[in-house]
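*Asks:* Quick mapping for you: the protein sequence lines, in order, are chains A and B. So in my numbering, spot 81 of the first sequence is number 81, and the numbers just go up one at a time. So in my numbering, spot 94 of the second sequence is number 381, and the numbers just go up one at a time.
Worth flagging that the hints you see were computed from the coordinates, not collected in a lab. Owing to the predicted nature of the structure, the values given are computational and were not obtained by experimental measurement. Glycine is no exception: its CB is placed at the ideal position from the N, C-alpha and C atoms. Treat the hints with caution; some may be incorrect.
Straight line, CA to CA, 25 Å or less: simulated SDA-like cross-link-like pairs of lysine to any residue [stated by the list, open to error]:
1) K511(B) - M181(A)
2) K80(A) - M181(A)
3) K511(B) - T89(A)
4) K543(B) - W475(B)
5) K495(B) - D516(B)
6) K80(A) - A612(B)
7) K80(A) - K511(B)
8) K495(B) - A318(B)
Which bits of chain A does chain B cover? Going by a derived footprint, with three or more residues having C-beta under 8 Å, they are [unchecked claim]:
9) 78-89
10) 98-105
11) 214-223
12) 251-264
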Amino acid sequence: MIWVDTLVQGILLGGLYALFAAGLSLVFGIMRLVNLAHGDLIVMAAYLILLLVTLLGLSPFVAAAIAAPVMYLIGWGLQKHLLNRTLGTDILPPLLVTFGLSIALQNALLEGFSADSQRLPTGAISTASLDLGVLTVGVLPLLTFGSAVAVIDGLNQLFYRTELGRAFRATSDDPITASLMGIRPGNIFAKATAIAMLVVTLAALYLGMRSNFDPNIGPARLIYAFQAVIIGGLGSLWGTLAGGIIIGLAQTIGAAINPEWQILAGHVAFLVVLLLRPRGLFPRAFD
Amino acid sequence: MNTQSHIPTYVVTTRTKASQVTAVVSVPLLALLILLPFFAGRGLIQDLFFVLTMLVLAQFWNLLAGYGGMVSIGQQAFVGMGAYAMFGGVILAGIDPIPAILLGGVAALIVAIPTAFFAFRLQGPYFAIGTWVIAEVMRLIMAQVQSLGGGTGTSLPRAATREMWATEWIAELFDVRNSAARDILTYWLALALAAASIAAIYALLRSKPGLALSAVRDNPEAAKSVGVDAGRMKWFVFLASAFGTGLAGALIYVQKARISPDAAFSVTDWTAYVLFIVIIGGIGTIEGPIIGVIIFFLLQSLLADFGSWYLFTLGIIGILVMLIAPRGLWGLITDKTGIQLFPVRRRLRGGTANTPKN
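Construct the complete structure from the given sequences, taking the supplied hints into account.
*Replies:* In C-alpha cells:
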C-alpha cells in the first residue's frame with residue numbers, strides 16, 4: 001500500500017508543478033517568450049501574500065485574492081513596458097533581460113525579507129486529510145491538484161471559447177495579420193502575461209502553504225515549470241499538466257528510494273523524455 | 288602586360304590600423320603583466336587572478352553565445368566538472384594540482400559530449416534552461432560522491448598544495464612565503480590561459496571555420512546553402528568552449544583549494560556574472576569581454592559592501608544595457624569611432640588602385 005500512497009502523493013505534487021508551469025506555457029504559446037524570472041515572480045507573489053497576511057491579519061486565501069489583481073497589473077506593466085521591447089527574431093534580448101530581472105528580483109527580495117525561510121500560516125487545513133479507505137490524502141494537496149485542473153481547463157476555455165482567446169490565437173499565429181484586423185499585439189501580449197500572473201499568484205498561495213520558501217528558491221521553481229512544459233509538449237496546456245504529474249511522480253518515487261535523490265529523479269525523468277520524445281508528449285506548436 | 292593591368296586585383300584583408308597598434312602594444316603589456324609580481328602586492332595579484340579567470344570564462348561564453356548563437360546558462364557545469372576532476376586527480380590519484388588542471392579541461396570536454404547531445408535537442412530559450420538543468424544534474428551527482436566530500440565538499444590536501452610544482456622555486460625567487468608563491472603561480476597560469484584563449488579565439492574567428500561560424504549565426508539557412516556544415520560548427524564551438532571553461536574552473540579551484548558542489552556549480556558565480564560581463568562590454572566581439580570584466584571588477588570593488596544590492600544593481604544594469612545599447616559599451620565605441628582592436632570583418636581592398644589612368 002505504501003507504493004499506492006507514493007504514487008498518489010506524486011500525482012498530487014504534480015498539480016503544484018502544473019500550476020508553476022501553466023503561466024509559462026501560456027506565455028510561451030502566445031508570444032514564444034520564455035520568462036527566466038518566472039520562478040522569482042512566484043516567490044515574489046508568495047511574499048506579497050505573506051505581507052498581506054502579517055500586516056492585515058487576513059487568511060492566506062483572502063490575501064491571495066487581494067494579491068491577484070496587484071500581480072495582474074505588475075504582469076501587464078512588465079510585459080507592456082519591458083518585455084515587449086525585447087521581442088523580435090533575436091532570442092538574446094528576451095533571455096538576457098528576463099535573466100537580469102530574475103537576479104534583480106531575487107536580490108531585492110533578499111534585501112527586503114532576509115534569507116530566512118517563511119511559511120504562510122494555514123490553520124487547520126494543512127493537517128486536514130481525507131480517509132479514502134486504502135489511503136489517506138491531505139486536503140491541501142488535493143485542493144492544489146483540483147486548482148491545477150481548474151486552471152488548465154479555464155485557460156483552455158479562455159483560449160478556445162472567448163473573443164480574447166481568439167485574439168490570443170490569432171496573434172500567436174501571425175501578429176502582423178492580426179494587427180490588420182484591429183488587434184494590437186502589444187496589448188494582447190500584456191494581457192497574456194497579466195493572466196499568467198494570476199496563475200502565478202495561485203501557485204504562490206499553494207507553494208507558501210505547503211512548504212517553506214525563501215528568496216533563493218525561484219530558479220528551482222522555474223526549472224520544474226520548464227520541465228513540465230517541455231515534457232508536455234510546447235503550447236499544449238493539458239500536456240503541461242501531464243508534464244507536471246510526471247515530474248511530481250518521478251520526484252516522489254525518487255525520494256521514496258533515497259531522500260537525496262528526489263530532485264535528481266525529476267531531472268532524470270525530464271532527460272529521458274527529452275531523449276525519447278524530443279518534442280514532448282503532446283506537441284502542438286511547431287517551432 | 289597591358290591586358291593584365293586592366294584586371295583589377297582585389298585583396299581580402301581584416302587588418303586595420305587599430306589592430307596593428309593592438310599587436311604592437313600587446314607585447315609590452317603582456318611583458319608588464321608577467322613581471323608584475325616583482326613589484327605588486329599580494330592583494331593586487333589576487334584581484335588580477337580573479338579578473339583574468341573571469342575574462343577567460345567570459346571569452347568562452349561569448350564564443351558560445353555571441354559567435355555560436357547558443358545562449359547557455361549552464362557554463363557552471365564545466366567550471367564545476369573541471370574543478371572536481373582536478374580535485375579527483377589530486378585526492379584520488381595523487382597527481383600534482385598543476386598538471387591536474389589539464390585533467391579538468393579534459394573532463395569538461397568529455398561531459399560536454401552527452402550535454403550537447405541532450406541540449407541540442409532544444410532550441411533557443413529552451414536550450415538555455417536545458418543546459419541549466421544538466422548543470423544541476425551534475426551538481427546533484429557530485430554531491431553524492433563521498434570520496435570528494437559529498438554535499439559538504441572538501442579541501443585540497445595540505446601536502447599537495449605545499450609541494451605544488453614550481454612553488455618552491457617562486458618562493459625562493461621572490462623571497463615570499465609558500466602561500467604567496469602559490470598566488471603568483473596561479474596568477475601566471477591565469478595570465479597564460481587568458482592570453483592563449485584570446486589568441487586562439489581570435490585565430491579561429493579569422494580562419495575559414497570562423498567565417499562559417501559567423502555565417503551560421505547570422506543566417507543558418509543561407510550558410511547551409513553555400514555548403515557550411517552548421518551542425519558540425521555548433522558541436523565544435525560547444526566542445527571548445529567547454530574545454531576552456533573546464534580549464535578555467537580547475538585553475539580557479541587550485542587557487543581556492545576548497546570545493547563544494549554548491550560553490551563549484553553556482554549559477555550566479557560562473558554564469559550570471561559572466562553574462563553581465565559580456566553584455567555590458569559588448570556581445571559578439573573580443574574587445575567586449577575585456578572592457579566588461581574591467582567594469583565588472585570596478586563595480587564589485589565599489590559595491591561589494593552592499594551585499595545583495597550589488598547583484599540587484601548588476602541585474603538592472605544588464606537589463607538597461609540590453610534595452611538601450613544591445614551591443615554593449617564596445618558597440619557604442621565602435622559606432623562612434625570605427626575602431627576595431629580585433630577585427631574579424633573581411634574587407635576588399637584594391638581593385639580601382641591598379642587600373643591604369645589613361
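*Asks:* So, for every hint listed, does it hold in this structure?
*Replies:* Hints, one by one, checked against the model:
{"no.": "1", "hint": "K511(B) - M181(A)", "result": "violated, 37 Å"}
{"no.": "2", "hint": "K80(A) - M181(A)", "result": "holds, 20 Å"}
{"no.": "3", "hint": "K511(B) - T89(A)", "result": "holds, 19 Å"}
{"no.": "4", "hint": "K543(B) - W475(B)", "result": "holds, 15 Å"}
{"no.": "5", "hint": "K495(B) - D516(B)", "result": "holds, 12 Å"}
{"no.": "6", "hint": "K80(A) - A612(B)", "result": "holds, 20 Å"}
{"no.": "7", "hint": "K80(A) - K511(B)", "result": "violated, 37 Å"}
{"no.": "8", "hint": "K495(B) - A318(B)", "result": "violated, 31 Å"}
{"no.": "9", "hint": "78-89", "result": "holds (count 3)"}
{"no.": "10", "hint": "98-105", "result": "holds (count 7)"}
{"no.": "11", "hint": "214-223", "result": "holds (count 3)"}
{"no.": "12", "hint": "251-264", "result": "holds (count 3)"}
Consistency note: the structure conflicts with the earlier hints numbered 1, 7, 8.
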